[in-house]
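J.: Given next are the chains, with one letter for each unit.
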Amino acid sequence: MAEYSVFSLVRNALTGHKNWQRAWRDPEPKPSYDVVIVGGGGHGLATAFYLAKVHGIRNVAVLEKGWLGGGNTGRNTTIVRSNYMLDDNSHFYEKSLQLWEQLSHELNFNVMFSQRGVLNLAHSDGQMDRFARRGNSMRLNGVDAELLDRRQVMKMVPHLDFSDEARFPIYGGLLQPRGGTARHDAVAWGLARGADRLGVDIIQNCEVTGFRRSGNRIEAVETSRGTIGCGKLGFAVAGNTGHLASKLGLKLPIESHVLQAFVSEPLKPFFDHVVTFGAEHFYLSQSDKGGLVFGGDLDMYNSYAQRGNLPTIDHVMRAGLAMVPSISRLRLLRHWGGVMDMSMDGSPIIGKSPIDNLYLNCGWCYGGFKATPGSGWVFAHTIAEDEPHALNAGLRLDRFERGHLIDEEATGAVPGKH
Amino acid sequence: MADLASPQRRSALEGVLVPGDFGATPFNGPGILLSERGPLSVVQIEAGTEDLTAAAGNALGIAPSGMPNEAAGTGRPRILGTGTGRWLISEPEGRDLAAHLRASLPESAAVTGLSHARVCLRLSGRDARTLLAKGCGIDIHPDAFRPDTSRMTSLFHCAALIDCRSAEPVYDIYVHRSYAVHLFEMLLDGALEFGCRVA
Amino acid sequence: MLYIDCPYCGSRGHEEFTYIGDATKKRPDGAETSDPAWFDYVYLRDNPRGPHLELWHHSLGCREVVKVLRNTLTHEILGAGRPGDKIALPDAETER
Amino acid sequence: MIRGKEQQPFRISSGGEIERTQPLGFRFDGKNYIGYQGDTLASALLANGVRLVGRSFKYHRPRGIYSAGPEEPNALVHLRSGGRQEPNTRATQIELFAGLEAKSQNRWPNLKLDLMGVNDLASRFLVAGFYYKTFMGLPGWHFYEHFIRKAAGMGAAEHIPDPDSYDKMHGHADIVVIGAGPAGLAAALQAGETGARVFLIDENDRPGGRLRAEQESIDGRPAMDWANETVAALQDMENVTLLTRTTAFGYYDGDTIGAVERVSDHLLAPAPYKVRQRRWLIHAKRVLLATGATERPLVFDGNDRPGVMLAGAARAYATRFAVQAGKSAVIFANSDDGYRTALDLAYAGIDVRGVIDPRTGGQGELKDRVAARGIDIVEGAAVVRTHGYLGLAGVDIADLETLRSGRMPETRFIPCDLLATGGGWSPNVHLHSHQSGRPVFDPAIAAFVPGASRMNDRSIGAARGRFSLAECLADGIAAGRETAQGLGFPVGSSPATPATDEPATGSFMTLWQVPALPGRKARSFVDLQDDVAASDVKLAESEGYVSVEHLKRYTTLGMGTDQGKTSNINGHGILAEARGMDIAAVGTTTFRPPYTPVAIGAFAGRERGRHAHPVRRTPMHDWHLANGAKMIEAGLWMRPQYYLQPGETPSRAAMDEAIIRETLAVRNAAGISDVSTLGKIDIQGADAAEFLNRVYINGWKTLAIGKARYGVMLREDGIALDDGTTSRIGENHYYMTTTTAEAGPVMQHLEVLLQVHWPDLDVKVASVTDEWAAMAIAGPNSRAILSALFPNTDFSNDAFPFMGVRETDLGGIPARIFRISFSGELAYEIAVPADYGTAAWERCIEAGAGHGLLPYGMEALGILRIEKGHVTVSEIDGRHTAGDLGFGGMMSTKKRFVGDAMAAREGMADPSRPALVGLTPLDGKTRIRAGSVLVADPKTPPPVPKLGHVSSSAYLSPNLGRPISLGMLKGGRERIGETVWAVFPLRNEAVECRVTAPVVYDEEGARLHG
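Protein chains in written order, with our numbering: chain B, 3 to 420; chain U, 365 to 563; chain S, 313 to 408; chain G, 21 to 1030.
For the record, the hints were derived by calculation from the structure and aren't laboratory data.
Treat each hint with caution, since some may be false.
[To be verified] When the alpha-carbon atoms are kept at most 27 Å apart in a straight line, the in silico DSSO-like pairs for lysine-lysine are as follows:
{"hint": "1", "chain 1": "B", "residue 1": "K291", "chain 2": "G", "residue 2": "K558"}
{"hint": "2", "chain 1": "B", "residue 1": "K157", "chain 2": "G", "residue 2": "K650"}
{"hint": "3", "chain 1": "G", "residue 1": "K78", "chain 2": "S", "residue 2": "K337"}
{"hint": "4", "chain 1": "B", "residue 1": "K32", "chain 2": "B", "residue 2": "K67"}
{"hint": "5", "chain 1": "G", "residue 1": "K132", "chain 2": "B", "residue 2": "K270"}
{"hint": "6", "chain 1": "B", "residue 1": "K67", "chain 2": "G", "residue 2": "K945"}
{"hint": "7", "chain 1": "B", "residue 1": "K270", "chain 2": "G", "residue 2": "K78"}
{"hint": "8", "chain 1": "G", "residue 1": "K959", "chain 2": "G", "residue 2": "K945"}
{"hint": "9", "chain 1": "B", "residue 1": "K253", "chain 2": "S", "residue 2": "K337"}
{"hint": "10", "chain 1": "B", "residue 1": "K157", "chain 2": "G", "residue 2": "K170"}
{"hint": "11", "chain 1": "G", "residue 1": "K170", "chain 2": "B", "residue 2": "K270"}
Build the full structure now, drawing on both the sequences and the hints.
T.: As structure tokens, then:
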């Protein structure tokens, strides 16, 4: 398959763009595969890509019930960062960030990874202390972090509310300069193309309807496109993990919740960084197309509906105005919802399951997008080696039962609060 | 120091609620009238309906309604249902209402004095319903929210108990003391377009 | 807005409530601290896609806990009552 | 006042809804013009002959006014200036007002000479998705992005505060009717007559909908007469609320409609005290969607030039605004709308030079009328090319059949400055599909119509593909009556449907695109705003982006500010053709709210600035302010941080001095602090002690009346939730205090336990946080001060020991006194009813005057409690167990309590977990910052193993003369006496410190019990 480059672009332009090939094939499912991954979002595709690329396992199928990237991959606010405090998260997300830094090159597909800096604002001394602890932990883990005081924040993002009228005065902030955004759809397409080029079968419009079990193993997956045998089976269906697991009688420490996302009308460059509000759940960045992309808090109740409600919209917009008053007359263009796997400690679960050849990749809460390459990388390792990588050893399922929680938000077993 | 003058209550709105006319000046007068009722005695009772009914006959001279959201007592005192087996009783300050009720109720009843925990704002005027509709999601249509019923709801993001005193309309709004300034400011701000007389 | 029929206050928008969560979790009072029932109670969820029994606290209203049966896929509210009430699936839903 | 030439060369001398007696001056791109009241900016520009109004998103192609409504893809302008500026505003929806100023967007240096138009020359490289295939090399995307971002975007915004205000309003209705066209008006009238509470919402300045734009009649009179009479009748009904200039932008759960009312947008500025916009949230029992339909363009080469316009829009400009959208017109439509347009435009005095009809046969009456006027009709033909650059100069037409066969057809040039095109109408199913509604494809009109819905909505009239006026009226009447009846409102006998006079129309022909002339690189635009051409759709298809969602995301089809109102179906039709599938099988993308973009300010309403969130004030708030307090927020409450004394000016040094002064006052004399913010819960009932026993980790069965006890509670997951003292003030009566931060969560925790899990317990809880003002008087002189305040109370150690509680009065003020201490000093807390708070506080200040009493704030409190190793939210931070915090010994083994089971898990009971310790710098002077991380060796390269962190810190304990800190250290209790490094790499700091017990001042507690 042809490499993408400025030269291929010119060559094709001069021949009327008639020679581009499909970005990925549209194969019929084979009777069986060494590994079947359920879920054609970023995580499932990344897993398949790294299985083929790093572990040489190419007889792999990715099953997607709808269209690639149609779940949370194509619905999120595209923020990429590794500014975590707790070691298990910090090391894992940093690996992911490092993979992001080479992803466009690795995939030969521009995923528009833009390292424009992620700034978390602090609004009290206590919050500054907590950010300092997080930033210090990051530094000790080899992750970039800078603690800004109020003056430095003002210099970097002068449009925040520094007035006396501000309900939430800005004390400072924690900056991760290497953080940023990426083009979410491109990630799915680039990974799909990359995996396909290594021989992975990507099968869209293929919904898993059941499983064929034998003892403590799963022999095959029943789908809307027939039964597909599997040597090993991986779930990468965050948002719907609870639903899929229930078909196997598995109960997980996960609830599905809806998280809304928002975009404004397109504007010329207006906001150059990713900034999160510290007083309430709110974050803002500007897409390359020009839309301001907003995110906020969950709607707070269990939901599989990909849409949210007005009170949360009000809440998010109110927080946005409190952070950047000058967005008042700009207009909200679209809002939508994604279904989050909210785990009971707010951290993901990647590892083995109680079923021998089933591997779980779930519980992403709202941090899934930035984890995409890292998640695929460690999940591929876990599936290939039947053993977690050191980077996801702590993210195991039994940590809840054993009391080794990874609770960044420190809100406990209330999934909606993470 | 027992010789100090008898203490005066200081309203949570002192210095904030300033009498006068604010905002627009419609030819037919302000559309909103806003004032503070007080000082009040406010007591919460948790008890069985029969216990309260029996005690109320003696202590209050009126019986509570057993129906949710209903109010009883047109003058003093007023009994507002605020939950299953729970009522709020309010009257202009005079007697020790809490002690009076405690004495009249069986041991099993819980009596909690909230005279200082609540600020009561009286809202009236021809635009009062519109003002409420700005800050609260309940149906305030006169057919839906009738006189002598009350609602516990969210008003400008504050927990509030709204007592509909008459269809004119007149509302008494009970809000937690620490939120009173916020609520008053939101009500006043929302009332400016109608003209607001603060008394 | 979800409209929840609070047994005391009547129908109210969900912004007056605080979501508590799964109402099928029964506190295993009396079970030994080592009993797995505790782990199940605190951490595990059926998380159904469809009708879900759940608790909402009417925190800006009467402060009573309301048990609600709600479809998590459609957000339709199928019934509400007090925590001890049995709330059955409407016939139409069972058939679906 | 803006003055201009009163020319308006394209204005028709009579007719229309405009007020010719009210000329309005306005400015566009620096030039002055005159329009009339009743104009939109678009109609006024057209009246003045302004045809070029903007540049397209990607190729910067010149664009004109394309529509007359919310679907406008092209005519986006930058409206107003300064704080009121609004980029990306559709000229077709801006009501003209005197003094209006607007600028064109996305061009440099000006509209006519846009240098970015070079993109158009490079268009063969800038095809769909080109950026995914390049920009991957050095120096990296962030470099290229800088230029891409500048080129992208549409309008420009500046960071200037918005001077206007916004409101929010709630509504409740039996029936909400959305859209006040013929169907909506008829439905609202029927429903309103039954007495049902009806909201009728319309996005325009006046009701009437499409009737305003067409030459229709009802009962033999102009249709607008009927509309006006219906509106008058509705306005007389008290049960009907008519909201004009109000867009229903979203359909939400619970049949809730979100709408935005543009209260003042048609004015230069809002009137005093009036808001700019009002955001409505309307709860409906039933919703009638009379949202009409949107005309879609035909897709052909050069279909985007200024002068190409939707046929229905050309009619609207002629009929409603009395404006000729051009002087000489060609019409190209695949339905009888072409003939309707020809008649209306000819009536408006426009030279109609031809109707190009791709159909051959099957037309209705209208064609005969057009033919009778001598207008040229060309059947079986299509427009294949347009001419002109900044404005249309003419079109080439050709035989469609020849074109489809791939042969080069003969073309014919027709000079014209207006090309009115109509590709059929798509019902506005947006609101229907915001919820679960799934539109279905109707081949008869080649459009999606509403499908099954789980909500209580019903679409009527054009919104469900019933396009004739008679159908709309009949649909509205039936829906209004039936819906009201369904809700139990009595309906009378059915009224007759008003008579209409509509000609029989011919069939509709599906035409997704006109094939390009052989050998020509056609620029046939599907999405005009985002410059998505038919060739982009085909390219995406050939690369495998075949799902409609992939198509949308790869090409940006329908991603513009118009959300693809005119483009989506054409794009999907072309994709279906390319895939050789039926469009119904290809599907459609999901419409997302809002229907049209909504100002962010409208969602916030009045909740902005300092009202963005409530703040709570303590009863002594004003006293603090009047006495030099610097206030900070703590969990919504405003609390004194420290107090400046008269004559001191705010500075870092003054602050430090104040904090030291206050700390020393407490240790050496006395201090008073406002602790009203602590949560307070009244607990009554026969099982109150049992309840406390279950929620706290320690035992409560033995607490005597008149005594207080310290308690710690856990969450169900075994992590510490909160701490505080609870006092027994009666046989079955307790008074619990919580921390400020956790007051709400603890109250809810108790209520849920009682109501859900332990309904058998006889316990009642009530929040009394607001009832009591509370003040702590601490320090060696506190006993003397208390004795002065309460002369009748014996404060001796024997009579009033530590943890004693008394109910008494303070000169007529009822008071509760608790001998408890957070500072570690001899201390008392006095609680009085809140309205007496200031009076009591002032008496304390007065009584303490001779005893060195000073008010102290949060900072001094922090130092005092760190000296004593007392924990706060910095330590009870949601991640630590009771054991970690040093409360392991308090955990009763004789009873069960919330959290005990989960606290027993292996990872929670691990002795190597972090434990609370004190930390003191080895050099006795270097500050240990909170947020430092504890490590064994500061020189270890990353990743560095972490031993814990510094949770709280005082840069100086004035009592000890050195900095002190608290931290959580792995295995900390075993490491007392050892050294550890507190590192702060963010500031390149590392402090070696000694691990101590948490308590570093008065370890024996002698002062407390003194």
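J.: Please go over all the hints and tell whether each is borne out by the structure.
T.: Here's how the hints hold up against the structure:
no.	hint	in the structure
1	B:K291 with G:K558	holds (22 Å)
2	B:K157 with G:K650	holds (26 Å)
3	G:K78 with S:K337	violated (55 Å)
4	B:K32 with B:K67	holds (17 Å)
5	G:K132 with B:K270	holds (20 Å)
6	B:K67 with G:K945	violated (64 Å)
7	B:K270 with G:K78	holds (13 Å)
8	G:K959 with G:K945	holds (22 Å)
9	B:K253 with S:K337	holds (13 Å)
10	B:K157 with G:K170	holds (21 Å)
11	G:K170 with B:K270	holds (6 Å)
Hint compliance for this structure: hints 3 and 6 are broken, all remaining hints hold.
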